[in-house]
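Q: Sequence:
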Amino acid sequence: MTYLFNQPSAFARELTEGLVAAHADKVRQVPGGVVRSTRSRPGDVAIVIGGGSGHYPAFAGLVGQGLAHGAAMGNLFASPSAQQICSVAKAAHNGGGILLAFGNYAGDVLHFGQAHARLQAEGIPCRLLAVTDDISSAPADERDKRRGVAGDLVVFKVAAAAAEAGCSLDEVAEIAARANARTRSLGVAFSGCTLPGADQPLFTIPAGIMALGMGIHGEPGIQEGPIPAADELADLLVTALLNEAPSGDEAQDGQRVCAILNGLGGVKYEELFVVYRRVAQRLAQAGLTVVEPEVGELVTSFDMAGLSLTLCWLDDELQRGWQAPANTPAFRKGSMAPAEPLAPQERIEQPDVIPVATRVSRRSARCVSQALDAAREAIVAHAAELGRIDAVAGDGDHGIGMERGVLAAAACAQQMLAREAGAGTLLQRAADAWADRAGGTSGAIWGVALNALGTVLGDELAPDARRVAEGVRQACASIMHFGKARPGDKTLVDALIPFSDALSQAVNEDGAGLPQAWRQAAARASQAAEETARLLPRIGRARPLAQRSLGTPDAGAVSLALILNAVADIWQQDGVEPSARREICDQ
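Numbering (the UniProt record's numbering), first residue to last: 1 to 587.
FYI, nobody ran anything at the bench for these hints, they're computed from the structure. Built from N, CA and C at the ideal position, the CB exists for glycine as well. Just so you know, not all the hints are guaranteed correct.
As the list claims (entries may be wrong) - Label-pair ranges, simulated between beta-carbon atoms:
no. : residue 1 : residue 2 : range
1   : Gly43     : Met1      : 20 to 30 Å
2   : Glu171    : Arg419    : 49 to 59 Å
3   : Ala523    : Ala165    : 28 to 38 Å
4   : Val291    : Glu122    : 23 to 33 Å
5   : Ile222    : Asp510    : 48 to 58 Å
6   : Ala165    : Pro338    : 18 to 28 Å
7   : Ala165    : Arg486    : 19 to 29 Å
Using the sequences and the accompanying hints, generate a full structural model.
A: Here's what the structure looks like:
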């Protein structure tokens with residue numbers, strides 16, 4: 001139970017302010033997260049990590065000398081947006097490029113992928129690494145689908161040591177990838193966690209029952225059973241991890257491993273030591289040499305009762321990286337000379353500048369803002385039903401997340417109108433606001449989609465029907481590129497692709513104007529959303545409970561159809577003629 005808070009909505013922001021106040025010698029706050037408050041060597045690679053708040057010490061607690069240069073922090077259990085990640089990355093950049101490292105969750109993959117593309121486009125060399133250590137989250141032959149848990153620390157640590165040693169960006173990325181390939185974790189949970197202001201846990205586990213493999217956000221485990229004795233649990237975890245030893249690294253005399261026994265928040269240190277006692281015995285029996293083990297809270301989940309065991313099979317280079325000194329708010333190893341603090345004037349943020357737009361684009365921006373207002377009204381009216389649909393096989397937060405996102409996007413659009421932004425900039429800023437506020441996978445998807453559409457529309461020309469259709473096509477491609485969803489996976493994509501295809505056909509082949517083409521395509525999206533009830537989810541959190549969702553449409557596809565139909569009404573209301581006039585709100 002989380003007892004101490006002010007306003008639940010301010011919790012993530014206030015915890016960051018408190019962390020910085022307590023550790024000002026190590027970290028400073030920037031928009032989107034924290035970076036080192038000490039000077040780094042010019043030309044070094046910057047390690048930028050991140051994820052949702054609520055998992056301290058991950059991620060902000062791992063920023064400092066010898067470890068990360070910056071951490072992008074989303075809302076509670078929600079990915080940081082691409083805008084936040086870019087903000088932190090630019091503040092942390094030393095001139096040697098950036099490695100973006102994160103846990104392999106859908107929202108993080110989308111947002112970090114989009115941030116990577118933006119940074120590259122701005123001329124900042126950048127590499128991506130999604131940590132995939134949790135063996136319970138996907139089979140060995142689908143290792144790229146596994147999520148990242150406490151193994152994050154090993155990967156972040158050796159990558160940072162390589163950066164501190166002056167390695168190039170490609171060398172740092174290779175070392176981090178090698179550490180990830182050799183790292184395995186498995187966790188158990190005994191109870192759920194309660195977020196600030198909530199009157200019940202985010203998820204529950206029956207009393208006296210252990211969920212093997214449950215994720216830190218309540219993702220389903222692989223089996224349940226009675227809570228065993230400490231030695232039995234240690235045996236279970238060690239056996240499972242040794243059975244997944246990396247190819248060519250089977251247990252043998254003298255083999256070295258890094259071992260982390262991680263508490264998730266509700267298991268006390270004394271209990272962890274009892275478990276680690278048996279873990280150490282089993283590893284020694286297997287002929288493994290443990291190098292500087294860690295026992296404690298490293299990736300948590302508020303008051304969630306549970307723990308995880310991580311093993312990383314070390315080579316000489318990985319061992320040097322693991323043992324290298326570090327000094328962060330939550331993780332210290334060895335000793336190192338204090339770095340020079342940054343001067344106050346070096347902490348001034350760059351001003352927020354709105355690109356100059358043409359008169360016709362500013363006029364179109366008003367209509368785009370009206371479309372976002374219509375989307376807001378549609379989602380607010382149906383938020384509870386969207387949550388109900390999502391709860392069938394998911395965590396039930398889709399309606400809440402969509403409501404938060406569209407409210408933020410519509411409000412941002414009004415601010416952009418007051419600052420005379422063009423249609424493209426308005427959409428891109430609204431996309432960032434949506435992603436920032438909504439969090440999670442849906443926030444990431446809508447951020448990617450609106451950004452792609454805004455890029456195509458731009459701030460110069462009036463968006464005609466062909467340009468809008470192309471923007472929707474680009475949004476489709478971006479979502480599939482960053483989110484990896486494909487038709488038939490039971491996601492928003494199953495409604496978006498039919499919409500995009502129908503819109504392009506009506507505009508490019510039938511010669512229809514935007515209002516008519518959009519309405520026809522929106523009707524097709526509604527039909528496609530209903531048809532997702534026949535599909536089984538193949539990706540995301542609903543995948544382990546796929547059978548439960550049969551007969552229920554995908555919440556993301558349904559919310560998309562709601563918005564598309566609401567926007568169709570805006571094009572009609574604004575009097576855009578079906579065929580002769582194809583420019584949005586060019587009146």
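Q: Confirm or reject each hint.
A: So, going through the hints one by one against the coordinates:
1. Gly43 - Met1: 20 to 30 Å: Between Gly43 and Met1, where Cβ atoms are some 48 Å apart, the hint is violated.
2. Glu171 - Arg419: 49 to 59 Å: This hint is violated: roughly 43 Å between Cβ atoms.
3. Ala523 - Ala165: 28 to 38 Å: violated, 59 Å
4. Val291 - Glu122: 23 to 33 Å: Since Val291 and Glu122 have Cβ atoms about 39 Å apart, the given range 23 to 33 Å is violated.
5. Ile222 - Asp510: 48 to 58 Å: Holds: the Cβ-Cβ distance is about 51 Å, inside 48 to 58 Å.
6. Ala165 - Pro338: 18 to 28 Å: holds, 19 Å
7. Ala165 - Arg486: 19 to 29 Å: violated, 40 Å
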